[in-house]
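Student: Protein chains in written order, with the numbering used here: chain A, 1 to 70; chain B, 1 to 70.
Just so you know, not all the hints are guaranteed correct.
Which copy is meant is left open, so a pair is good if it fits within one copy or across any two.
Under the rule of at most 25 Å between Cα atoms (straight-line distance), these lysine to any residue pairs were calculated in the SDA-like manner [said to hold, decoys possible]: (1) Lys-70 with Gly-14; (2) Lys-21 with Gly-40; (3) Lys-21 with Met-1; (4) Lys-70 with Cys-13; (5) Lys-21 with Leu-37; (6) Lys-21 with Glu-64; (7) Lys-70 with Gly-40; (8) Lys-21 with Thr-50; (9) Lys-70 with His-15; (10) Lys-70 with Pro-39; (11) Lys-21 with Gly-66.
The set of hints was computed from the structure by calculation and includes no laboratory data.
Number of protein chains: 2
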Amino acid sequence: MTTTTINVSGMTCGHCEAAVKEELGALPEVTEVSVELNPGATSPVTITSTSELDDAAVRAAVDEAGYEVK
Amino acid sequence: MTTTTINVSGMTCGHCEAAVKEELGALPEVTEVSVELNPGATSPVTITSTSELDDAAVRAAVDEAGYEVK
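Model the full structure from these sequences, guided by the hints.
Tutor: The following block contains the structure:
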């Protein structure tokens, strides 16, 4: 298992958290996503995956949810 | 047409706005819901309806969405 932590900006509530979890969770290697919500700042998002994640794919998934990797 | 304005607390983002709009819009008399989002404060929500709205039903719908009428 690989663990990747990214910082995501713009998340303010549980709906935001759910949207990010859903998009990242749709990546085939991803087995778990946990979010430490920090409204008004960047939120650390920890992603557990079966193999090393492609940085561009992670950024694209977060962007798809409507947020940005900082 | 009747217009009712309520103040809703706890809404922080467009997802919150969508959740409140969805629940209020499900009330049979409601034809339009507009939200002036104020993250960190109460947000005025203006509801247009074909007849006078039941206060308890409005509160229940907002509560169902996960927020509170102030």
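Student: Each hint needs a verdict: does it hold in this structure or not?
Tutor: Against the structure, the hints come out as follows:
1. Lys-70 with Gly-14: Answer is both; intra-copy 20 Å and inter-copy 21 Å each pass.
2. Lys-21 with Gly-40: For Lys-21 and Gly-40, the Cα distance is within 25 Å both inside one copy (19 Å) and across copies (23 Å).
3. Lys-21 with Met-1: within (18 Å within a copy, 41 Å between copies)
4. Lys-70 with Cys-13: Result: close both inside a copy and across copies, 18 Å intra and 19 Å inter.
5. Lys-21 with Leu-37: The answer is both: 12 Å in one copy and 24 Å across copies each meet 25 Å.
6. Lys-21 with Glu-64: both (11 Å within a copy, 23 Å between copies)
7. Lys-70 with Gly-40: both (14 Å within a copy, 23 Å between copies)
8. Lys-21 with Thr-50: Close inside one copy (16 Å), not across copies (39 Å); limit 25 Å.
9. Lys-70 with His-15: Both: 20 Å inside a chain and 21 Å across chains, each within 25 Å.
10. Lys-70 with Pro-39: Both, since 15 Å and 22 Å are each at most 25 Å.
11. Lys-21 with Gly-66: both (12 Å within a copy, 19 Å between copies)
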